[in-house]
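Student: Full structure from sequences and hints, please.
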Amino acid sequence: MKIELTPQQQEIKSEFRAFVDQEIIPCANRYDREEHTPPELIKKLAQKGYLGAVLPKANGGREMDAITYGILNEEIGRGCSSLRSLLTVHNMVSQALLKWGNNSQKEYWLSQLASGETIAAFALSEPNVGSDAKSIETTATISGNSYVLNGQKKWITYGQIADVFLVFAQWEGKPSAFLVEKDSPGLSVVPIHGMLGTRASMLAELHFNNCLIPQENLVCRQGFGFSHVASSALDAGRYSVGWGCIGIAQACLEACIQYTSERKQFDLYLKDHQLIRQMISEAIANIKAARLLCYQAGYLKDTGDPKSIVETSIAKYFASTMATKVANDAVQIHGGNGCSSEYSVQRYLRDAKIMEIIEGSTQIQQITIAESGYQEYMLSTKSSKKPQKLIARI
Amino acid sequence: MQESKVKIKHFLAQFFGDHNLQDDEDIFSLGFVNSMFAMQLVLFIEKEFQVTIENEDLDLDNFKTINALVNLLKRKTAFLEA
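Chains E and Y, in that order, are what the protein sequence lines are. Heads up: the first sequence at position 245 corresponds to 245 in this note's numbering, and the numbers run straight through without jumps. Heads up: the second sequence at position 52 corresponds to 52 in this note's numbering, and the numbers run straight through without jumps.
Just so you know, the hints here were simulated from the structure itself, not pulled from any lab data. Since the model is a prediction, treat every value here as computed from it, not as a measurement. Where hints are given, some of them may not hold.
As the list claims (entries may be wrong) - DSSO-like cross-link-like pairs, simulated, lysine-lysine; straight-line CA separation at most 27 Å:
| # | chain 1 | residue 1 | chain 2 | residue 2 |
| --- | --- | --- | --- | --- |
| 1 | E | K174 | Y | K64 |
| 2 | Y | K5 | E | K48 |
| 3 | E | K307 | Y | K7 |
| 4 | Y | K64 | E | K307 |
| 5 | E | K134 | Y | K5 |
| 6 | Y | K7 | Y | K47 |
| 7 | E | K57 | E | K44 |
| 8 | E | K325 | E | K271 |
Tutor: What follows is the structure, encoded as structure tokens:
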């Protein structure tokens, strides 16, 4: 077993890192303060092909393998979690369409998504519905050649600027997925401000008031919107967020290494104080552990292994809780400076906290992971008896 | 196809605890599976049998029971072999 990046992956990691150092890091704190991502930056992201990261080359995408895509998320996340969340939601929709869209939807949307000409956002959560996603209240009914949507979505990442939304609604009581373009009649987009973290991710509420969309905008089939479309998109989202959390923690670590090497207290550099070293060593070990979990998830994704679903959940759970701890320690290490907007660590902490809530909260991941663990344990304790019983029944 | 049935049963066994899943029992109505199961099942079928589950295959009747899954595979592999 060999756990290392290929030379190509190492090279591309350098590309990503250089882009982030040059284009994102110098301005990320300002974007956070202004609660705004400038379109010029999104265009640069698009020009590098990062918005089409996972789409096939035939559609103009970069067709990155899962590990490379993960590294992209880590590096962008190291610079700015808000911008990384654009990558997350845009690619969630892209991957959902790639897997479950019909041929004409793929033909129409995929190249636009790959180039970044169209920005996509994922619209599942509602004012009354978060973790209990199956209980969405937005409805869709048929009227002539159209669907009519009524309801509200909330906390929609980059909802303020998205050109198209993947919206989940109950159609005759069956969760279904629909594409809704921003200029659809009956849709209004209401910006959300004042969030704790990822403040530049331009959240919005979507209000559907007899919103009309063409019938061909149904994605996949009636009743499969949650089980297949949302599930595969959320899996992609969890993976992206997990890697993004490694980026947050890595940024914290690098900030702390620098800060503690420059600042003295009691006539010693901070780095020479043992309790500081304790926090640094915990950060190093936990970041490495999280990265290995994400590598595992990525490897299983590339091999199409069904275990990738739970492994991605484990990676997201560990990476997000780890990032909050590392960021918390980073603020602690920076002391009063850590609480000031002049230093980035306060942003990392606020952003890390958001990561524990989105794409399946920490508690939901824990429920999923424990359930999977019990299933696996029960199967392994019965495995010696199972084959005979199976064969006897055929 | 018998071998396919064995593989499918072995995969499904992990989700059903002590319950002995019958070939014609509705997998989704027994209350054992969660929101991730559908995707895990798709990935398993695609990897194990080297087929692609597409939009057109998404009919609950194709996934409801072990027998239904075997029949889906028969159709998809016959299509590939044709």
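Student: For K7(Y) and K47(Y), compute the direct alpha-carbon distance and say whether it is at most 27 Å.
Tutor: holds, 12 Å
Student: Next pair to validate is K5(Y) with K48(E); report whether the Cα-Cα distance is within 27 Å.
Tutor: Between K5(Y) and K48(E) the Cα gap is close to 46 Å, so the pair fails against 27 Å, i.e. violated.
Student: Does the alpha-carbon distance linking K57(E) and K44(E) stay inside the 27 Å limit?
Tutor: Roughly 19 Å separates the two Cα atoms, so the pair holds.
Student: Check whether the Cα positions of K134(E) and K5(Y) lie no farther apart than 27 Å.
Tutor: violated, 31 Å
Student: Hinted pair, alpha-carbon criterion (27 Å max): K325(E), K271(E). Please report holds or violated.
Tutor: Answer holds: K325(E) to K271(E) is near 19 Å, not above 27 Å.
Student: Verify the proposed pairing of K307(E) with K7(Y), using a straight-line Cα cut of 27 Å.
Tutor: At roughly 16 Å apart (the allowed maximum being 27 Å), K7(Y) and K307(E) satisfy the hint.
Student: Tell me if the straight-line CA distance from K64(Y) to K307(E) falls inside 27 Å.
Tutor: With Cα atoms ~21 Å apart, K64(Y) and K307(E) stay inside 27 Å; holds.
Student: With the threshold set at 27 Å, check whether the alpha-carbon distance from K174(E) to K64(Y) stays at or below it.
Tutor: Between K174(E) and K64(Y) the Cα gap is close to 16 Å, so the pair holds against 27 Å.
Comparing the model with each earlier hint shows violations of hints 2, 5; every other hint is respected.
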